[in-house]
Amino acid sequence: GGFSIPPTVFDDDEEVVKIYMRFVRKYFVSVIGYYRDFVTRAIDKLKSIGVEPKIIAPGHGLIWRKSLDIVDHYYAWAKAVPEKGKIAVIYTSMYGYVENSVSYALNELRERGLKTVVFRFTSRHRDSLSDLLGEVDDAEGIILGTATYEADVYPFINYVIDILTRKVKAKKPILILTTYGWGDVAGRKLETFLKEKGYEVVDVIRFKGIPSSEDREKIREGIEKFLKSL
Numbered sequence: 186g187g188f189s190i191p192p193t194v195f196d197d198d199e200e201v202v203k204i205y206m207r208f209v210r211k212y213f214v215s216v217i218g219y220y221r222d223f224v225t226r227a228i229d230k231l232k233s234i235g236v237e238p239k240i241i242a243p244g245h246g247l248i249w250r251k252s253l254d255i256v257d258h259y260y261a262w263a264k265a266v267p268e269k270g271k272i273a274v275i276y277t278s279m280y281g282y283v284e285n286s287v288s289y290a291l292n293e294l295r296e297r298g299l300k301t302v303v304f305r306f307t308s309r310h311r312d313s314l315s316d317l318l319g320e321v322d323d324a325e326g327i328i329l330g331t332a333t334y335e336a337d338v339y340p341f342i343n344y345v346i347d348i349l350t351r352k353v354k355a356k357k358p359i360l361i362l363t364t365y366g367w368g369d370v371a372g373r374k375l376e377t378f379l380k381e382k383g384y385e386v387v388d389v390i391r392f393k394g395i396p397s398s399e400d401r402e403k404i405r406e407g408i409e410k411f412l413k414s415l
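Numbering (the numbering used here), first residue to last: 186 to 415.
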């Protein structure tokens, strides 16, 4: 299946398929992601008994009769096979402090020629969670930015990370950037939670309020460490 309504019924037009594939991936991760292990087992079973489909007709979305390698795409998405050099950056920011640190991190990544996909959840902007899931699945690594809020993790990032770890079950490396006022509770709790879910927390960069020049140097060093883990 796939989100959106493609302009054709069949997959005969390569340009239509090229544009539509991101909607198929987003659908897979958002709707089927939790059950991804069943997908790989089912595909392996079909191959083991020699089933070679001539047409794949899902309940909605394109009908596949030309690009039957869609099965291989499903298998790769189920395995969360990463795209080399693709980094997903996810952050919340209340007063701009986290956004400041993330902007610096993004500049560091782009200067190194990495592809970045950014998802922000602030008082002025909120990205689509299903878009986030679709892009994180094949990201090589994740940079996560948030703040401590009332001696806990900022609530919305808790929600995002809970959904993400349910849908994208992959041991992806993560760099955490976190700001605090009195004590860094968010960094500690996120690190524990993500490790329990099987993710590799490479480092946690903590800073108080607006990141200083020393904090930026820590971020730069953290990114170097993060990139070496990819």
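Read the hints as simulated data drawn from the structure, not as lab findings.
All C-beta atoms in this analysis are idealised placements derived from N, C-alpha and C, irrespective of residue type, glycine included.
Please note that a few of the clues may not be correct.
Claimed, not checked - Taking lysine to aspartate or glutamate pairs in the EDC-like style, the calculated list, with each CA pair at most 16 Å apart, reads:
id, residue 1, residue 2
1, Lys239, Asp254
2, Lys413, Glu293
3, Lys251, Asp229
4, Lys264, Asp222
5, Lys393, Asp369
6, Lys271, Glu293
7, Lys393, Glu335
8, Lys271, Glu325
9, Lys380, Glu335
10, Lys239, Glu268
11, Lys410, Glu385
12, Lys251, Asp198
13, Lys230, Asp198
14, Lys356, Glu335
15, Lys410, Glu293
Said to hold, decoys possible - Quick list of the computed label-pair ranges, beta carbon to beta carbon:
id, residue 1, residue 2, range
16, Ile241, Leu415, 31 to 37 Å
17, Ile190, Arg295, 46 to 52 Å
18, Asp229, Lys269, 23 to 29 Å
Status of the hints after comparison with the structure:
1. Lys239 with Asp254: OK: Lys239 and Asp254 at ~11 Å, within 16 Å.
2. Lys413 with Glu293: Between Lys413 and Glu293 the Cα gap is close to 14 Å, so the pair holds against 16 Å.
3. Lys251 with Asp229: violated, 21 Å
4. Lys264 with Asp222: Holds, at roughly 8 Å.
5. Lys393 with Asp369: holds, 8 Å
6. Lys271 with Glu293: This hinted pair holds, its Cα atoms lying about 14 Å apart.
7. Lys393 with Glu335: Holds: Lys393 and Glu335 sit about 15 Å apart, inside 16 Å.
8. Lys271 with Glu325: holds, 5 Å
9. Lys380 with Glu335: violated, 23 Å
10. Lys239 with Glu268: Measuring from Cα to Cα gives roughly 29 Å; hence the hint is violated.
11. Lys410 with Glu385: holds, 12 Å
12. Lys251 with Asp198: holds, 9 Å
13. Lys230 with Asp198: The given pair, whose Cα atoms are some 30 Å apart, is violated under the 16 Å limit.
14. Lys356 with Glu335: violated, 30 Å
15. Lys410 with Glu293: holds, 13 Å
16. Ile241 with Leu415: 31 to 37 Å: Since Ile241 and Leu415 have Cβ atoms about 33 Å apart, the given range 31 to 37 Å holds.
17. Ile190 with Arg295: 46 to 52 Å: violated, 34 Å
18. Asp229 with Lys269: 23 to 29 Å: holds, 25 Å
In this structure, the earlier hints numbered 3, 9, 10, 13, 14 and 17 are contradicted, and the remaining ones agree with it.
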